[in-house]
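Sequences listed follow chains X and W, in order.
Each residue of the first sequence is one higher than the one before, starting from 1 at the first, in UniProt numbering.
Each residue of the second sequence is one higher than the one before, starting from 1 at the first, in UniProt numbering.
These aren't lab readings, by the way, just hints derived from the structure by calculation.
Honestly, I wouldn't trust all of these hints.
Repeated chains share a single entry, so a pair holds when one copy, or any two copies, can fit it.
Stated by the list, open to error - Keeping only pairs whose Cα atoms sit at most 25 angstroms apart, straight-line, the calculated SDA-like set for lysine to any residue is:
(1) K20 - L118
(2) K16 - G55
(3) K20 - I127
(4) K16 - A176
(5) K16 - P170
(6) K16 - I125
(7) K20 - T31
(8) K16 - G116
(9) K20 - L129
(10) K20 - L131
2 protein chains.
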Amino acid sequence: MREVHIAGAAVHPFGKSRGKTAADLGYDAVTRLLTTTSIGPDLIDVGYCGSSYGGSLLAQRVLQRVGVSGQPVYTVENACASGASALHLAWQAVASGAADCAVAFGTENLSGFGGGALPLTTNDIEIELGLVMPAAYAMRAQRHLHDFGATEADLTMVSIKNRRNGAANPRAHFQAEVSADQVENSRPVADPLRLLHCCPNSDGAAAVLVCSSDLAREIGTPTVRIRASVVRSGRFHTSYRDMTWPDITARTAEAAYEMAGVRPSDLDLVELHDAFSIAELLHAEALGIAARGKAHRAIADGEFDRDGRVAVSPSGGLLSRGHPVGATGVVQVCETYWQLTGQAGRLQVPAASVGLTHVTGGGIYGVDNGACAVHILTSD
Amino acid sequence: MREVHIAGAAVHPFGKSRGKTAADLGYDAVTRLLTTTSIGPDLIDVGYCGSSYGGSLLAQRVLQRVGVSGQPVYTVENACASGASALHLAWQAVASGAADCAVAFGTENLSGFGGGALPLTTNDIEIELGLVMPAAYAMRAQRHLHDFGATEADLTMVSIKNRRNGAANPRAHFQAEVSADQVENSRPVADPLRLLHCCPNSDGAAAVLVCSSDLAREIGTPTVRIRASVVRSGRFHTSYRDMTWPDITARTAEAAYEMAGVRPSDLDLVELHDAFSIAELLHAEALGIAARGKAHRAIADGEFDRDGRVAVSPSGGLLSRGHPVGATGVVQVCETYWQLTGQAGRLQVPAASVGLTHVTGGGIYGVDNGACAVHILTSD
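Isolated chain X (complex conformation):
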């Protein structure tokens, strides 16, 4: 397998873009990517688009508008891991030598749904049963608080930290800090989760340029190296499972650490799938950046702050940056690219050289049976 680099990143700011389709948002992000990297569309050998709700031939509808015309392109779906799956396939194409230059992007317009639970399919039995995502995470939260002595105030600290981070991010859906009072008085969604413990449904798009070493040198933009790209699916269980242990995250991360030759203690920053505040506790422990049952302590001690032991979601995370499903896995990599190339501005994590991105999505037949993706990036 060849070394693979990211040589550019671009984002259509997340938020509410009711007038724009997923194709419009994706077009904006990819156009910015080509402008930033000063490359022409002919250089792109292959394109991968991650989206859950963007419709048929979305990759073509975006890429043909920027002039990627004739090359193979694909739209990939893997729930919240759709964008990261697109990136994984781009990485695989370049690593295997099948391509020298790939564009991976994610795009989504969730405003189109007008609110309510996002359906996995037209007859989604979990939604019919009321097991929507906030309910599933609320159950996990109840169990975590019961088992490990965390409190609702600990969940609130996650929201406060990530909103504080996102307040400095011009690409974030929410760019304002929140107080403990605001979080604790926001309306209940699924006990113990309140509105400000939940990420918003957002619209947005993000794109990265994935290329070989030779081409990266030729393009001449700042680059980072993809040291690991791993996708896994959930394991089917009908029997008891520990709701406080996201097995899918642990397995995916383990494979990524092995591929990268990196330990959790080597990480300077992590962009984590904090779809709900409890998710940061669960996944931080499964990623190995906090001991089991101790993530809330790490947060209380400032260890996950931007200047802490390991910055967790310095860009604001899903809680602040927002969550346009297919775009999230890519924007995490964009933000990490800027961190590792010293371009993160007010978001910059000091001396960042190793970063990890993590998305996990879906929940069919149980609490973590969807898809998960972990990427580990290092400075070049």
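With chain X fixed as given, assemble chain W onto it according to the hints.
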């Protein structure tokens, strides 16, 4: 790149399955595949599902039910080329050494739409303008008849041939021959196309096992070799284009012939994307198995019959076998696998050793701006 083989194929018969979801149909096909090949789900390193309308996490919803649990799986969308795109990614994974064994399947339930044009997206401008698929192909037919002297009777011959082939196929949606009178008196859809010049919207699923040479030997089932796997997208045009020349098919086929080291004259059979009778004329010419403007003559002379110069759609094609969008690209490969391993029964093409499969779909911004895939298979 390593040699890649197909070591098994299975199909859920095409037709109307209103009570089954796309996941149910896919589950049936993959279950049959595991039974046929006598392998356990643990052997599968990765899974790719092709579908346009099956919803989120479809690959997981199918594969977890057969016990593929934990491995990376992806759902891929590329309109009518979705299934073939899934196969291409499986081929790439095995060819590059990233996987030894992949399952590629396609599944779709179109009954759920209840009739009418299939939307590409929620605001499909082509459908709003009336440029639905039958209309697009009708315009191409008008031009082809005008330019090359074919007649409506020539279009009818395509339907008669492919329905005759499909009459012997137990997996086909339509298993009855049709007469010229029946075709010519079926109701008009888009002049000159009548109902029996159009493929049906079908439900169905198909699956293949893709593996390395070593694993193929170990499994011990009959195998064929994938000699070429090529996906391309349409080229954007707003100016004049020749509607009788499907550039996307020609470009994709040219790359496939080069990769395989095979010429059109080497082909014993072709499974072609005959979504409409005119499509067989257009694509046969672009695939190089008939001279430009002469495909109708080849059909009239019996050259595309099962025992002719090159059998075209000996399984019945889309016109007879039906067209569950995401499944079509995979079922073509299943049928070709059975042909090249001498298991095609009443459909058998004599001494078949080289086969090509072709799908093309979509039509955004023009007549052939979607996705196209060509696979070339040879006997092992």
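Hint by hint, here is what the structure shows:
1. Taking the closest pair of Cα atoms, K20 and L118 come within 25 angstroms of each other both inside a single copy (19 angstroms) and across two copies (22 angstroms).
2. In this homomeric assembly, K16 and G55 come within 25 angstroms of each other (Cα to Cα) both inside a single copy, at 19 angstroms, and across copies, at 24 angstroms.
3. Taking identical chains as interchangeable, the C-alpha atoms of K20 and I127 lie at most 25 angstroms apart only when they sit on different chains, with a minimum of 19 angstroms there against 27 angstroms within one chain.
4. Proximity of K16 to A176 under the C-alpha cut-off of 25 angstroms is restricted to the intra-copy arrangement: shortest distance 16 angstroms within a copy versus 53 angstroms between copies.
5. When the C-alpha separation of K16 and P170 is checked against a cutoff of 25 angstroms, the pair qualifies only within one copy, where the shortest distance is 14 angstroms, while the shortest distance between copies is 51 angstroms.
6. In the homo-oligomer, the alpha carbons of K16 and I125 lie at most 25 angstroms apart only across protomers (23 angstroms), although the nearest pairing inside one protomer, at 29 angstroms, exceeds that limit.
7. Proximity of K20 to T31 under the C-alpha cut-off of 25 angstroms is restricted to the intra-copy arrangement: shortest distance 15 angstroms within a copy versus 41 angstroms between copies.
8. In this homomeric assembly, K16 and G116 come within 25 angstroms of each other (Cα to Cα) only inside a single copy, at 15 angstroms, whereas the closest approach across copies is 32 angstroms.
9. For the homomeric pair K20 and L129, the shortest alpha-carbon distance between copies (20 angstroms) is at most 25 angstroms, but the shortest distance inside one copy (32 angstroms) is not.
10. Proximity of K20 to L131 under the C-alpha cut-off of 25 angstroms is restricted to the inter-copy arrangement: shortest distance 23 angstroms between copies versus 30 angstroms within a copy.
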